[in-house]
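**Q** Residue strings, one per chain:
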Amino acid sequence: MSHNHDHDHHHHDNELDPFAARVRALETILTQKGLIDPAAIDAIVDTYETKVGPRNGAKVVAKAWSDPAYADWLKRDATAAIASLGFIGRQGEHMQAVFNTPDTHNMVVCTLCSCYPWPVLGLPPVWYKAPPYRSRAVIDPRGVLAEFGVTLSADMKVRVWDSTAELRYLVVPMRPEGADGLGEDQLAELVTRDSMIGTGLARQPA
Amino acid sequence: MNRREDGGDSGVAPEAKVFGEPWQAQAFAMTVAVHERGLFSWGEWAEALSSEVKKPGAAADGHDYYEHWLAALEKLLAGKGLAARQDVDAFAAAWERAAHATPHGKPILLENDPQTRGMAADRTLSAT
Chain A
1 MSHNHDHDHH HHDNELDPFA ARVRALETIL TQKGLIDPAA IDAIVDTYET
51 KVGPRNGAKV VAKAWSDPAY ADWLKRDATA AIASLGFIGR QGEHMQAVFN
101 TPDTHNMVVC TLCSCYPWPV LGLPPVWYKA PPYRSRAVID PRGVLAEFGV
151 TLSADMKVRV WDSTAELRYL VVPMRPEGAD GLGEDQLAEL VTRDSMIGTG
201 LARQPA
Chain B
207 MNRREDGGDS GVAPEAKVFG EPWQAQAFAM TVAVHERGLF SWGEWAEALS
257 SEVKKPGAAA DGHDYYEHWL AALEKLLAGK GLAARQDVDA FAAAWERAAH
307 ATPHGKPILL ENDPQTRGMA ADRTLSAT
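Protein chains in written order, with the numbering used here: chain A, 1 to 206; chain B, 207 to 334.
For the record, the hints were derived by calculation from the structure and aren't laboratory data. Be aware that a few hints might be false.
Label pairs and their computed distance ranges (CB to CB) [claimed, not checked]:
1) A:135 x B:253: 34 to 44 Å
2) A:180 x B:286: 27 to 37 Å
3) A:206 x B:244: 44 to 54 Å
4) B:291 x A:186: 53 to 63 Å
5) B:241 x A:174: 28 to 38 Å
6) B:241 x A:72: 46 to 56 Å
7) A:142 x B:321: 50 to 60 Å
8) A:104 x B:250: 33 to 43 Å
9) A:142 x B:260: 35 to 45 Å
10) B:285 x A:162: 35 to 45 Å
11) A:17 x B:253: 43 to 53 Å
Taking lysine to aspartate or glutamate pairs in the DMTMM-like style, the calculated list, with each CA pair at most 25 Å apart, reads [as the list claims (entries may be wrong)]:
12) A:63 x A:37
13) B:223 x A:177
14) B:260 x A:162
15) B:260 x A:177
16) B:223 x A:15
17) B:312 x A:180
18) A:75 x A:93
19) B:286 x A:166
20) B:223 x A:147
21) B:312 x A:147
22) B:281 x A:166
23) B:281 x A:17
24) B:261 x A:140
25) B:223 x A:17
26) A:33 x B:295
27) A:33 x B:317
28) B:260 x A:166
29) A:157 x A:46
30) A:51 x B:258
31) B:261 x A:189
32) A:63 x A:177
33) B:260 x A:147
34) A:33 x B:280
35) B:281 x A:37
36) B:312 x A:46
37) A:33 x B:270
38) B:223 x A:46
39) B:261 x A:166
40) B:286 x A:162
Keep in mind it's a predicted model, so treat the numbers as computed, not measured. A virtual CB, placed ideally from N, CA and C, is assigned to each residue, including glycine.
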């Protein structure tokens, strides 16, 4: 085996995979037509990589746990109540908050594709977008929940909400026992992403 | 359910990685940007994406999600007359040639495509 076979050549190791090349092609065409601005594209990427995520939703839930008037507003007009905390924007234009109660557990799916409330949860996790969850959440929600480590009592009703391009859901998990006296910031730390999709429960306070 | 693929539920900490590769982020952001120019509705987008992700053969672990996303975006843009399939093919080939002609460590620019350079040289020649 030659150990110097490429000494006389350029390093041809800059390869674009076909998907990367097609994305660059689209970007070239749309930029030339003046339909997109590359700087705006970078800003959008930065927003969803670093600025928007489930911390936002956790603040909404913690406030609802702490403030009955806010919880009531969230129940009646989630879009406005969430916007009042500054969480506005794409895919959050029409929100509905669904509250877990001692006898009903709520769970959210998008059977169509991957609709998700970006302003409060960021972009969806891989499993939310994958075929098994999308197909099974409606047919066998308890089986799916068990795989997430959530076991509900047999008399607990499970309600599955199917997101659409128009309407997005935020699950408000039950406030855990023993969280009395915690401030909103401490409460927010108990609220996991999965608890706001309904595939998890809020954490117990330490 | 492969929920461990994304590290499980990291509470509300930022996801380790929102996008697997830079092109996925670019495809996502272009879709958002073109939608915001009013060139398609989000309902149209959801329909386009849905028809891709529900095709048989979609990976159970969801690793090919952005491949479906890109296919949906290409079809929607082609259908709207905003980016014809043959133009995307031609520019994608040019980008691949440009990448190949770019020394390692240097940014890949479309101008590095030898055929584009050749075309520019031809134009210069015919002008003199």
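**Q** Take the hints in turn and mark each one as holding or not.
**A** Tested hints:
| no. | hint | result |
| --- | --- | --- |
| 1 | A:135 x B:253: 34 to 44 Å | 18 Å, violated |
| 2 | A:180 x B:286: 27 to 37 Å | 56 Å, violated |
| 3 | A:206 x B:244: 44 to 54 Å | 49 Å, holds |
| 4 | B:291 x A:186: 53 to 63 Å | 54 Å, holds |
| 5 | B:241 x A:174: 28 to 38 Å | 36 Å, holds |
| 6 | B:241 x A:72: 46 to 56 Å | 33 Å, violated |
| 7 | A:142 x B:321: 50 to 60 Å | 59 Å, holds |
| 8 | A:104 x B:250: 33 to 43 Å | 34 Å, holds |
| 9 | A:142 x B:260: 35 to 45 Å | 24 Å, violated |
| 10 | B:285 x A:162: 35 to 45 Å | 26 Å, violated |
| 11 | A:17 x B:253: 43 to 53 Å | 27 Å, violated |
| 12 | A:63 x A:37 | 38 Å, violated |
| 13 | B:223 x A:177 | 33 Å, violated |
| 14 | B:260 x A:162 | 16 Å, holds |
| 15 | B:260 x A:177 | 41 Å, violated |
| 16 | B:223 x A:15 | 23 Å, holds |
| 17 | B:312 x A:180 | 57 Å, violated |
| 18 | A:75 x A:93 | 16 Å, holds |
| 19 | B:286 x A:166 | 22 Å, holds |
| 20 | B:223 x A:147 | 23 Å, holds |
| 21 | B:312 x A:147 | 46 Å, violated |
| 22 | B:281 x A:166 | 22 Å, holds |
| 23 | B:281 x A:17 | 20 Å, holds |
| 24 | B:261 x A:140 | 22 Å, holds |
| 25 | B:223 x A:17 | 20 Å, holds |
| 26 | A:33 x B:295 | 17 Å, holds |
| 27 | A:33 x B:317 | 18 Å, holds |
| 28 | B:260 x A:166 | 20 Å, holds |
| 29 | A:157 x A:46 | 40 Å, violated |
| 30 | A:51 x B:258 | 29 Å, violated |
| 31 | B:261 x A:189 | 39 Å, violated |
| 32 | A:63 x A:177 | 16 Å, holds |
| 33 | B:260 x A:147 | 23 Å, holds |
| 34 | A:33 x B:280 | 16 Å, holds |
| 35 | B:281 x A:37 | 21 Å, holds |
| 36 | B:312 x A:46 | 23 Å, holds |
| 37 | A:33 x B:270 | 29 Å, violated |
| 38 | B:223 x A:46 | 12 Å, holds |
| 39 | B:261 x A:166 | 23 Å, holds |
| 40 | B:286 x A:162 | 29 Å, violated |
Checked against the numbered hints given earlier, the structure breaks hints 1, 2, 6, 9, 10, 11, 12, 13, 15, 17, 21, 29, 30, 31, 37, 40 and satisfies all the rest.
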